[in-house]
Amino acid sequence: MTLWCLMKGRRRLEESTREMTEREKINAAKAGGLTVFVTQSSESSAIPGYLLFSVSWPVWRFASVVCLLRPLLMDVIPSIRQTSALALGRLGDYDVKLAEAIVKAGILPQLICSLPEENRYYKKTAAFVLRAIAKHSPQLAQAIVQCGALEMLVICLEDFDPGVKEGASWALGYIARHNPELSQAVVDAGAVPLLVLCIQEPEIALKRIAASTLSDISKHSPELAQTVVDAGAIAHLAQMISNPDAKLKRQVLSALSQIAKHSVDLAELVVEAEIFPVVLTCLTDSDEYVKKNGATLIREIAKHTPELSQFIVNSGGVAAVIDCIGSCKGTVRLPGIMTLGYVAAHSENLSMAVIVSKGIPPLCVCLIEEHEDHIKAAAAWALGQIGRHSAEHARHVAVANVLPTLLDVFMDTHSSEDLKMKTKKALKNILQKCTHFPALEPLLHDAPPSIMKYIIGQFSKVLPHDSKARRLFVTTGGLKKVQEIKAEPGSLLQEYINTINNCYPEEIVRYYSPGYSEMLLERVENYQPVL
Amino acid sequence: MAALARLQERLEGLREEYFLTNRAIDEDRKTKYKAAVKIQRWFRACRVRAYLRHLSRMVILIQKWWRGYLRRKNFREIVERAYFIKKLKFYNEMAVRIQKMWRGYYVRKYIHNFYVLKKYLKAVSVNNELVRSELQEYAEMKENEKKMKDLEKKEKEKKYQARKMHYLLSTEQIPGIYNSPFKKSPDPMELLLRKSKPLTHRKQQVKSPFAELYDWPTCKKPPAFVTALPLLPADRQKPQGPFRNPAEVLQQRYKPLEPTLRVRESMYSPQAKAKEATQREEWRNPLHDNEFLPFSSYHKNDEKYEPSLCKSGKYGQEAYGTKYFREVYPKKWIADKDFETLFSSIALFEKFGKTYSSTGQIV
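Taken in sequence, the protein lines are chains V and Z.
The first sequence runs 732 to 1262 under this note's numbering.
The second sequence runs 197 to 559 under this note's numbering.
Bound conformation, chain V alone (with noise of 0.2 Å):
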């Protein structure tokens, strides 16, 4: 079905462009973009494979097809040119070297040149066309910039109708998403003050792109950020978040959080324009990208500072985020698990409040169920921050059994090399710290050389001043354990066994050294009874 459309739209385009009368010429035009559409209304639901075959059997009738459109441009009734203009959009949306094919073609000039005379749809398709071709690569991206685009599409900014703003503002986006340089030049023609008006037009549709593209245009560097800001978004993104619609939502959390990542200043005055209690009603929206992006923007301004990090903490953002763990699965939980490791890596009364506030369940959790290395690496990465600050924080996540899980994870052979030494370097720094046995003796048995000596190294520490430790070591059956680890002699983990091994009576260190039964029976046959 395609493929006869395809080439029945091509046939009466190639036939008579020049005798035909205008309704033709329409019908053509409408023919062209109908071909495209229906491959694309088959995108949808299609199989990739099928499009790739629909497509690539006429590419080259599609390029041809793109020289046909041209003269198509410049006719004199307008509906002609809106037409075209639209099936090239639709063409430089499919696919890569269409969109190659219609710059190389050199269409964009006249397109741009003769946009400040016509009529809003006229107006709406060129944007479109130029966000259809902007979005594959950044070297596209860059010969519209160069054909002079950018200014057209800030005098379209300036139109009152609200879909034209709206297909200037997303091709904007588009533009500015891929480099610096890109979003410099979006900044340096003038966009920036014309989107943060847009962002106040009523229309939902119009603030969710406006948004999107200040996020696109203030991620890449802190210069950009702050001219940003200096037009006056913050006060306008502020008061947005409270607004039922989702997507709006996601966008303007996006749009905060690359602002607030930059610099301690920037996140300040983020944080200045009250979006304190209300990012967290964020935090329980229905939707997920809404919660994944309110964790993005809390943990862009907890990780500057420990004062910005006591201020979330203050104003119970990390029940919040903590809430919000555990009733998310996947990656939306990752900027959340991250916030509570860079609130507790700050000082140990975060890291306290954050215990304190019931974190370590949701990580220790998220640890287990998850299966994608990179969160889990990232719920380590928490735990561990959280017990490295002294023996208290250590026995809170010991209490909570997170140690063994550890330990699992840093065995398993499916982990990645990245979560082992995330995993390795928690352990170490919980373990250099926890002084809270129960829980260090089941790792006794089962943990590799180059955790042991952590562990021996806290035993070595704690039992010449513990006698009550010293006799549940015995029970346990952990000097049992540690005679039975072989290490090279002059090495630190020999020096804690030495240590451990000083600390009892000669004869239980025999006792419980390997092969004393043999030793023993070696004894009795040696004997010689006295009669």
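Calculated directly from the structure, the hints in this document are not laboratory data.
What you are looking at is a predicted structure, and each value in this text was computed from that prediction instead of being measured.
Treat the hints with care, since some could be wrong.
What the hints assert, rightly or not - Quick list of in silico lysine to aspartate or glutamate cross-link-like pairs, DMTMM-like style, CA-CA up to 20 Å: (1) Z/342 - V/1018; (2) Z/343 - V/976; (3) Z/315 - V/976; (4) Z/305 - V/1079; (5) V/1089 - Z/325; (6) Z/314 - V/1079; (7) V/978 - Z/339; (8) V/1151 - V/1100; (9) Z/342 - V/912; (10) V/950 - V/912; (11) Z/343 - V/1018; (12) Z/315 - V/1038; (13) Z/318 - V/1123; (14) Z/338 - V/1018.
To be verified - Derived, one-sided and incomplete: chain Z residues facing chain V with beta-carbon distance under 8 Å: (15) 274; (16) 321; (17) 323.
Every residue, glycine too, gets a C-beta built ideally from N, C-alpha and C.
With chain V held as given, fit chain Z onto it using these hints.
Quick look at chain Z alone, frame taken from chain V:
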């Protein structure tokens, strides 16, 4: 001659003797010379030594005095400096002690204050509980709203279906599908059908662009400005004549009311109630009952009439300006005659005032 021979023999010996005595004398002289040199040498050396000793004693004396003088000059400064350093060290010591005590106190009281930390952590957990409960309530509220919306949508759907299927309503003779005679009471759908109005397939109302804003629970009315003209049905006949665009007319006619803040406020709102107190005050306190009495200077300007200078004479109003404008002095005229025209005047204008006007005066 023999004496000569004897002398000559003795001459040989004499020569030798002479030589030997001379030699002995010479050697004697040499030893004496050497001894003298030795003595002189020694003596001179003693003299020189004594001189050098004297010199060195003098030099030591001079240097001693000079150095003493220099040191005595710098002595004050050195002593002052040493004293200052000693004092400074002492003060530093004391300051370190004070700082040590203060810092220990401060850290124990404020930074590592265990009890404050404990209270803070308790406060954090209490706050967390509050936040959690509030968020829970908020989430529940959102859930309820969503449910309500869904329910309403379903209701709307049902009602629409009922309106469409209005023909399925049961009549007197024929019971409808939903009103089975074997059941005790009719189906709820039957009741719905009874309540609903039949649906005609006229054009459905265009969904207002403000519908999505109405959904926002806190926004009770749409924004006051209208961004797009209302869409009228496209197949209307345009009436002939100089009429305005009907869409504009409708927009003007149905422009939403934008009452001022004072009107919008309800009578029972707290601001209105707060105003009551001031109103009561004002009712109590006025000086007199005539609220709208003007100020005393209100009628100042219309009591006294001042006639204009040009028209007033000594005894009243002059006729100049109303009855006549210019004054005529016939005595000052040069000639009796008026100006003569050289050219004949226009015949028509000659007749002015003479032929067709009865009240025209003939000069």
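Evaluated hints:
1. At most 20 Å may separate the alpha-carbon atoms for a hinted pair to count; residue 342 of chain Z and residue 1018 of chain V meet this at roughly 13 Å.
2. Among the hinted pairs, residue 343 of chain Z with residue 976 of chain V is consistent with the structure: their alpha-carbon atoms are about 16 Å apart, no more than 20 Å.
3. In summary, the hint linking residue 315 of chain Z to residue 976 of chain V is not supported, as the alpha carbons are separated by about 40 Å, beyond the 20 Å threshold.
4. Restraint check: the Cα-Cα separation between residue 305 of chain Z and residue 1079 of chain V comes to about 17 Å, which is no more than 20 Å; the hinted pair holds.
5. The hinted pair formed by residue 1089 of chain V and residue 325 of chain Z meets the criterion: a straight-line CA distance of about 11 Å does not exceed 20 Å.
6. In summary, the hint linking residue 314 of chain Z to residue 1079 of chain V is supported, as the alpha carbons are separated by about 13 Å, within the 20 Å threshold.
7. Of the supplied pair hints, the one linking residue 978 of chain V and residue 339 of chain Z holds, its CA atoms being roughly 18 Å apart against a limit of 20 Å.
8. Proposed proximity of residue 1151 of chain V and residue 1100 of chain V is supported: the alpha carbons are some 17 Å apart, at most 20 Å.
9. With a CA separation close to 44 Å, the supplied pair residue 342 of chain Z and residue 912 of chain V exceeds the 20 Å bound.
10. A distance of roughly 12 Å separates the Cα atoms of residue 950 of chain V and residue 912 of chain V; the hinted pair therefore holds under the 20 Å criterion.
11. Annotation: proposed proximity of residue 343 of chain Z to residue 1018 of chain V holds, straight-line Cα distance about 16 Å (limit 20 Å).
12. For the given pair, residue 315 of chain Z sits about 19 Å from residue 1038 of chain V by alpha-carbon distance, which is consistent with the 20 Å threshold.
13. With a CA separation close to 16 Å, the supplied pair residue 318 of chain Z and residue 1123 of chain V stays within the 20 Å bound.
14. Taken as a hint, the residue 338 of chain Z and residue 1018 of chain V pair is honoured in the structure, with Cα atoms around 12 Å apart against an allowance of 20 Å.
15. The restraint placing residue 274 of chain Z at the interface with chain V is violated, with a minimum CB-CB distance near 52 Å, outside the 8 Å limit.
16. Checking residue 321 of chain Z against chain V by beta carbon gives a least distance of about 5 Å; that is within 8 Å, so the hint holds.
17. Satisfaction of the interface hint for residue 323 of chain Z is found here, the shortest Cβ-Cβ separation to chain V being roughly 5 Å, below the 8 Å cut-off.
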